[in-house]
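Enquirer: Using the sequences plus the hints, can you model the full thing?
Listed below, chain by chain, are the residues.
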Amino acid sequence: MNYKRFIFYQGTIVMASSMIFPFYILMLRNVGNSYSQFGWAYGLFALTAAICYPLIGKIADRAGDRVLLSIYSWGMALLLLVFPLANEIWHVYLLQIFMGVLGAVQKNSEKTVLARHVLKETAGKEIGNYHIWTSIAAAIAVIATGYLVDFFTISSIFYIASALFAWSGFSIMKKDKALPELQT
Amino acid sequence: MKRYLMLFIYITFLFLSIFYVTEQSAEPIAEDQSRLLPVKMKAIKATDSTAEIQQVVLDANSQGDSIAIAGMQHSQGGHTVYPDGILLDMKPYNKILRFDAQEKTITIQSGATWSDIQDYINPYGLALKVSQSQNIFTIGGSLSVNAHGLDIRQGSLIDTVESLRLLDANGEILILSSNQNPELFQAVIGGYGLFGVILDVTLKLTDDEMYEIHSEPLQYDEYSDYFNESVRADEKTKMHLARISLSPDSFLEDMYVINYQETEQEDLPMEPQKLKQETLVAVPKFFLGLARLNEQGKKVFWNTQKTYSASIDGKLISRNNVMRSDSEFMEYSHPENTEVLQEYFVPVENFEAYIDDLRDTLIDEDQFNLLNITIRYVEKNEKAVLSYAKDDMFSLVLLINQGTDAKGIEDTGRVVRNMIDVTLDHGGSYYLPYFGYPTKEQMAEAYPRTSEFFDLKKEYDPSERFMNIFYEEYKQ
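For the record, the sequence lines run as chains Z and R.
FYI, the numbering for the first sequence is 1 to 184, going by my numbering.
FYI, the numbering for the second sequence is 1 to 476, going by my numbering.
This list has only true hints and no planted wrong ones.
Lysine-lysine pairs mimicking DSS-like chemistry, simulated, CA-CA at most 30 angstroms apart: (1) R:Lys2 to Z:Lys111; (2) R:Lys204 to R:Lys238; (3) R:Lys274 to R:Lys306; (4) R:Lys238 to R:Lys315; (5) R:Lys104 to R:Lys238; (6) R:Lys390 to R:Lys204; (7) R:Lys95 to R:Lys204; (8) Z:Lys4 to R:Lys2; (9) R:Lys274 to R:Lys285; (10) R:Lys2 to Z:Lys175; (11) R:Lys276 to R:Lys238; (12) R:Lys91 to R:Lys42; (13) Z:Lys4 to Z:Lys175; (14) R:Lys2 to Z:Lys174; (15) R:Lys440 to R:Lys475; (16) R:Lys45 to R:Lys91; (17) Z:Lys58 to R:Lys2; (18) Z:Lys107 to R:Lys2.
So these bits of chain R aren't anywhere near chain Z, every CB distance computed over 10 angstroms: (19) Ala43; (20) Gln54; (21) Gln261; (22) Lys390; (23) Val397; (24) Asn418.
Chain R regions said to be covered by chain Z (calculated; three or more residues, Cβ under 8 angstroms): (25) 12-19; (26) 281-289.
Everything labelled a hint here was simulated from the structure, so no lab data went into it.
Bear in mind the structure is a predicted one, so any value in this text is a computation, not a measurement.
Backbone N, C-alpha and C define an ideal beta-carbon position, used for all residues, glycine too.
Expert: This is the structure we're talking about:
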C-alpha cells in the first residue's frame, strides 16, 4: 500500500461514514425516542472502542495496517447491510457495539499508517495535508447526502455507503510492489 | 484472490439484505400527511375493546369533551382532529370478526386496513369489490370519506357494505344498512366521522381474478370517446386508470390509459397470486423527486411514466394485486414544503372542454407545482348524502407540492379555488377529504345536499360530541 493510495482510501471511507453518521440520527429517532437511549447508543460505541484498543494496537504491529484497514472496510460494508433491517432499540445497541469495534480499528490504523509514514521533522505539514483531503471528502459527502435523502429512502443511503466501503476494501487489498517500506 | 472472494461474499450479503428489507412490510406512519394543520388535542385514546370505546364516548358526554375519530389520518382538511378534543385512534381496533367464503362476506373492525383484509382473503381466492388504489387506509376511514378506486363494474363503496355497526353520540350501538336506519347509513358513508364511531363493517367480496394489463397512449380529446367505446362497452375490462401529461411540451394533452381485462380462463377458481410487497421504492421516488424540481424534471418524470406504462402492457396481475398499488415512494418529508392532494370529478362527456379550461387556468401559474394527475372513473351513485358522483364521471387526482407557510397556503388556495370554479362550470364536483381551500359556496354547489347533511348532523348529534375542523369550517 503506498501513501497516495492510503490517502485515497481514507478519503473514500471518510466519505462513506460521513454519509451515514449525521443521517443515522434520523433512524435512531424512528427506532428509539428518548435522550437516554441516544446516550446509550453512543456510549456503547465509545465503550467497546475503549476495550478494543489495546488488542488492536498489538495486532496492528504484528499483522500490519493493511489487514486491519481491509477488516474495517469489509466489516462496515457488511454491517451497513444490516442497518435497514433494524427496527428495535436493541438492534441499534448491537450495531453500535460492532461499530465501536470497527471504529477503533479504523482510528488506530489511521494513526499507525501516518506514524509509520511521516517524517518527524515535517509531521505537522504532512498530517495537515492529509486532513485537507479527508475533510473535503467528508464535506462533499454530507452535503450531497442531504440532497440524496430527499430523492431516496434512508435505507438506500445505507446501501450506497455500504457499497463505498466495499469498494474501499476491495481496492485496499490490491497488492502493489511500489514502496515496499509501507508493506508490513 | 482474497479480495475477489470478499467481493463475492459481500454481494451475497447485499442481495440477502435487500431481500429481507423488501420482505419487511412497510408500516405507514400515523400523522396527518399534509402537516398543514398541527392541532393540540386534549388526549389520545387508542384501544382494541368495544367497551372502552363506548366508555370514551360516555366520559366525553359527561365531561362535555369533543371527540375526533382518526384512522390513518390521510385526510388533509382536519377531518381527524379538533382543538382540545379527544382523539380516538381506531388503529388498534382491527380484528376480523367473521368470514364466510361461501357467502363471500367479511365482518371486520373499522381500524383494520384494506391490506389486512387482502392478506386474509387472498388464499381463499376472494378479493375486494371496491377500495382505493392504495390499501394502507383503515376501513372506517375509507367509508367515512366514501372512497372510490379503479373498479368500473362493482358500483360504489356504499353498495359493497352489507351493514355496519355505529356507536352513536349517546353511546348506543346501532345497526345500519340500506334497509335498517337507511337515513343514518347514507349520512355515515361519506360522513367524515360526524355521526358516531363506525365499529365494524360487513363487506361483500367478489372473486379474485387474473387480469391482463392493456396500456396505450392517446390524446386528451380522444379520451371520452375512447372510454365509452373501448372501456365501458368492453365487458372484459374491469378496471381502468389514466394519466395526463404535466410535461411542459405536452401539458394536459398527452395521456396514457391502463386497462385491466379479464383473461380467458376456465370456470375454475384461480390459483391465488402471491400478494406483492412494495419494492424498489427508490426508483419512482427518484423520478418524482425530479418532477418536484423544475419543468425539465417534469418532462423526465412523464417520459418515465409513459415508458413504464408501455412496459407493463400484456402482463398478468391478480385483482388483489391491482388493488394494492405502491404508495411508499410518495412519502415526502421536507422542512418547508409538503404535498397535498386535490380531486375533481367531471362528467365523462365534458372531459375535453374541461381540460381546455383547466389548462387556461393553470398556464400562467408558474409557481404552482403540480406533479401528477391520475384519472379514474366513478359511476353515478347518489346514495350517500354527500355524494360527489352526480353523474358518470372522471375523477382527477392532483398531487401538488406546496409551501407550509402562510404564503404557500394562500397561493395554493387561490389556484385551487380557481380550479374548482372551472370544475363546477362543467357540472363537476370536488372531493372533500382535502385541505379546506374551497369556499362554503363551492361546497354547496358541488354537493347539493350539503344543508341536509348538516341538518342530519344536528339531528343525530345535537350536542356536537363528534367534532372535527372540517365540520367547524363548513357547517352552516
